[in-house]
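A.B. asks: Chains as they are written, first to last, in numbering that gives the first Met the number 0: chain E, 0 to 475; chain V, 0 to 475.
I should point out that these hints are in silico values taken from the structure, not numbers from a laboratory. Misleading hints may appear alongside valid ones.
Stated by the list, open to error - Listed next, the stretches of chain E that the computed footprint assigns to chain V, with coverage defined by at least 3 CB atoms under 8 Å from CB atoms of chain V:
id, segment
1, 53-61
2, 141-154
3, 200-210
4, 235-248
5, 272-278
Yeah, the Cβ is synthetic: ideal placement off N, Cα and C, and Gly gets one too.
Chain by chain, the residues run as shown.
2 protein chains.
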Amino acid sequence: MLYNYRMDLILIQQILQNCKIHPDQLLIVGVSGGADSLCLMDLLHRSGLPILAAHFNHQLRSEADADEAFVKDYATKIGVSWVVGRGDVKGFALQNGFSLEEAARKKRYSFLFEQARVNGAQAVAVAHHAGDQVETILMHFVRGSGIAGLRGMQYRTVLPEWDAFIPLIRPLLGVERAEVEEYCLDHGLQPRQDETNTDVNIFRNRLRLELIPEIESYNPNFKTGVRRMGEVLAGEESLLKNLTEQAWRDCCRQLNPEIVRIFPESFSAFPRPLQRRLLRYGASKLLPDLRDLDFNAVERCLEFLAGAPHHGRMDVVDHLILEADYDAWFLMKQGAAIPLNEFPQVAEGGELILSVPGEIELENGWWITAKVCAKPGDYQSQENSIIWLDAELLHEKLILRQPRRGEQFQPLGMSGKSVKLADFFTNMHLPRRARAGWPIVFSGDKVIWVVGKRVGDYAKLQPRTQRVICLQLIHH
Amino acid sequence: MLYNYRMDLILIQQILQNCKIHPDQLLIVGVSGGADSLCLMDLLHRSGLPILAAHFNHQLRSEADADEAFVKDYATKIGVSWVVGRGDVKGFALQNGFSLEEAARKKRYSFLFEQARVNGAQAVAVAHHAGDQVETILMHFVRGSGIAGLRGMQYRTVLPEWDAFIPLIRPLLGVERAEVEEYCLDHGLQPRQDETNTDVNIFRNRLRLELIPEIESYNPNFKTGVRRMGEVLAGEESLLKNLTEQAWRDCCRQLNPEIVRIFPESFSAFPRPLQRRLLRYGASKLLPDLRDLDFNAVERCLEFLAGAPHHGRMDVVDHLILEADYDAWFLMKQGAAIPLNEFPQVAEGGELILSVPGEIELENGWWITAKVCAKPGDYQSQENSIIWLDAELLHEKLILRQPRRGEQFQPLGMSGKSVKLADFFTNMHLPRRARAGWPIVFSGDKVIWVVGKRVGDYAKLQPRTQRVICLQLIHH
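The shape of chain E in the complex, shown without the other chains (with noise of 0.2 Å):
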């Protein structure tokens, strides 16, 4: 009795407080029919939780069916709702290249996520325990993690691979196997064997059976050494989470699903450490099913930003590249576009003709007016979003365009020196993104303005001008 009473406690305390769960919404439980997530169903069942038992089928073993049919059984016999999924995992498997196992966890939890949201449940819970925590640390240490992966598993969770809402849970996260099959004993459960946890080719099994034993001959504490490591750290990673939550608002903006821009003067104020889990932010926000950017790709980000380039773009991982364009950096997916909406733009191809009195409206709330006005006291102004020309000097009607290869350009001042768009674009600093669609305004032939940035020299005032035509760059 004074066993039982222990594990209503920790459940009681695990689940409404570590997992924070509302004691009357569903929950969805991933039942395989082994011991733990058996005593997890019966233990939630029991302290009155609505449940909805979900068994996945991944027809692998010739034990497959009986398993899914003593689910059900059990399920029905204590009362609880149940639900069973099936999948092709050996086909989903090969079509992917994952390990068999990976292809069954992955079939296993898009199941179990979409009954969460198909029966509005507040959580998928899991029967991970304190054993499978040790497992996954060493995992992690093995496989060379950071913080994150050594943490361990959490009690509540938002896996954006599975769900951006829905949190996986895991109320038996700091109970023991030998309390898991004690329970069983107690409670009359009798759960079904799966022989394939003692298959030492698979990786976990061969560390739960041979070198967690092995390291336990260097240190009989390391379990609990181990586990209290990833309690720690994982309070450590949250630590470190808001901090670069914080950073991440100084010198990122996500500017859409597909892009995250970066602000390079504040990002380069940063140490180091801070612009690895920036960078390794923003890849998750863009990549969810990303597990984590791996060092090299980091490193090899820092040495290309640290490189300060006026424009470059190299590959981060598949489907995902870093772009630096003067101004801004950008992580993005492989062919997404970036916004100009900062810029003035013109469409490709068309001319739009600007009358005098007129004005154009080009997109993102960008307009460029003409009209007559008095001659103005300055009219060499280096004001370049209002410009003053010589009205003799123009076509009746101008036109307003995409800059086409190859064409020229003689700024005000440079007395019958032309530049090429292309390069007055780069002297400017102009953002290689903006240029292919930065209006420019002709008359006839003649380039008479770089829209915001340069008056040609082509109509500019002169002391014999009578007629002055105005024209204005506007942003609303």
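Given chain E, work out where chain V should sit, using these hints.
C.D. replies: Quick look at chain V alone, frame taken from chain E:
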């Protein structure tokens, strides 16, 4: 030749950059005579840095004296000054309950840093290489360490255990053992062999010779992965250290080498993971020899403090206690005396005579003055650092002394009712540490003023009062 070029590059880069060394200041180099330290000495000398080779003879192995002679001869041959130390490692181990390796390490580092101080060296250099790094990280993992352990060794670090200022540097930390051996071969170095390096009874050797190869059967790239992990964690540890130091300034103050004061409200506002770090940081300031506060000790402290006790005390680890006293918590060495300079205090035993007019200087800038004055308008004032009394009711001379056990006091306003001074202190939430020495003003055997806290009823001003005496507590 290509090979040497790489070693030189690594050396220059790592010494100057990672180890932050001045090229013209002396380095102490620990040289055992083995391949690693011989390579280190040779490299540093060859690169033109001023070094002093320091060999510590542990007198443990039969070859110890031959090793010593070898180091002296080789250093002399290449023109490097040397110094040799000896110590009774066995006796030291027995005396302190250390293992032989632990005792040897302590004696050796103690000697190296002593030499650094005596010779005004900028740092002590030791020959740990990339292979040692993997072992160190694995050792910490097996023992269940935090990030500070899992990041492994650092190129440059100050270890207060050995010296508060002179750093330990590890120039070879990025160099593989195989590279060291190749270097020795290329340069005709013939290092001494240490047979104890293959003794699997030594923890570290067993890790290197048995556990690491075992783990490599799970992940052939384990060593690389672990070293990258260490690199990332080293950066994150520095982020967390900054965060801790920021928080420290908000909620802790080191009063002297033995006591840290914690401000309960600010401390409690920080998340638990940061509280853990603050306690460990505080402990490291008080006990520099303490490697790290263990998990359980930290959790017990947090439980204790979470109870927000008015007054209490707990043992943290040997020689370290945590004391809560109303508005202050103290992490302190056993037996340390908490400074009381924020309170008026009077010495034990004595009786000070307060003449009117007159003044008494207490310690730490506290004064009590007495004078005759005009009758105040509002003579029931609640201002407790200045009080007015009816001179007719007082003895000519007032006495200032500590309270005695069981003494009673009739506070102003509680007509007729007396309380024990001890209870009055409790009701006033006066910190326990200040009570024994709290100054009380007596007229005969009547308490007329609990200084700064409450005037007594006995000599209070009356409508008929003619002569008024004014007492005041002043803090300069």
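A.B. asks: For every hint, state whether the structure bears it out.
C.D. replies: We went through each hint and held it up to the structure:
1. For the segment 53-61 of chain E, the assignment as covered by chain V is violated, since 0 residues bring a beta-carbon within under 8 Å of that chain's beta-carbons and 3 are needed.
2. Interface restraint, the segment 141-154 of chain E with chain V: holds (7 residues with C-beta to C-beta distance below 8 Å; minimum three).
3. With 4 residues carrying a beta carbon less than 8 Å from a beta carbon of chain V, the segment 200-210 of chain E meets the three-residue requirement, and the given coverage holds.
4. Counting residues of the segment 235-248 of chain E whose beta carbon lies closer than 8 Å to any beta carbon of chain V gives 5, which meets the minimum of three for the stated coverage.
5. Counting residues of the segment 272-278 of chain E whose beta-carbon sits less than 8 Å from any beta-carbon of chain V gives 4, enough to reach three: the coverage restraint holds.
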